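A.B. asks: Sequence:
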Amino acid sequence: MTVMTVEQIEHFLDEVFPQRMGRVESVGEMSATMRLVVGYEHLRPGPRVSGPTMMGFADVALYVAILAQIGPEPMAVTSDFNCHFLRAASGEHDIIAHAKLIKLGRRLGVGEVQVFSAADDTRPVAHITASYALPLEREQR
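Position 133 of the sequence shown, counting from 1, maps to 133 under the UniProt record's numbering, and the rest follow consecutively.
Do not take every clue at face value.
As the list claims (entries may be wrong) - Simulated restraints on C-beta separations: (1) 52 <-> 79: 11 to 21 angstroms; (2) 87 <-> 136: 34 to 44 angstroms; (3) 43 <-> 106: 38 to 48 angstroms; (4) 119 <-> 41: 32 to 42 angstroms.
Hint data in this document are derived by calculation from the structure and do not stem from the laboratory.
Bear in mind the structure is a predicted one, so any value in this text is a computation, not a measurement.
Where is the CB? At the ideal position from N, CA and C, for every residue including glycine.
My request is simple: use the sequences and hints to build the entire structure.
C.D. replies: This is the structure in structure tokens:
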């Protein structure tokens, strides 16, 4: 069961993380889906979506999956991040991130994100695994 809706998460992110990339499309049990409208600032020559763009976007998607489960927590932070770029993502299409939490404990969340080009949602362009450190103060609420 989620404790925050898409609208609540978007409002929270607008307040504490307005520079984040993408918009939340859906949240579910231990999961989230986001979309990034690709702009010029996200491109490298080709034009292809840049690696840093995909990495930052995936990081936000996993954060959103965590927020949906634990509620508004600005100090949940990335503690480990590993990215495999699988193929180029055309800069002519949005990218979509599907985040899934594998473990969510009191102090640590672990998950994976698959990033897809909106032009082909059958083959991921990147696969990310990451963990988030969750603040101790959260346990005392």
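A.B. asks: None of the hints should be skipped; say for each whether it holds.
C.D. replies: Here's how the hints hold up against the structure:
no. : hint                           : verdict
1   : 52 <-> 79: 11 to 21 angstroms  : holds (19 angstroms)
2   : 87 <-> 136: 34 to 44 angstroms : holds (40 angstroms)
3   : 43 <-> 106: 38 to 48 angstroms : holds (40 angstroms)
4   : 119 <-> 41: 32 to 42 angstroms : violated (20 angstroms)
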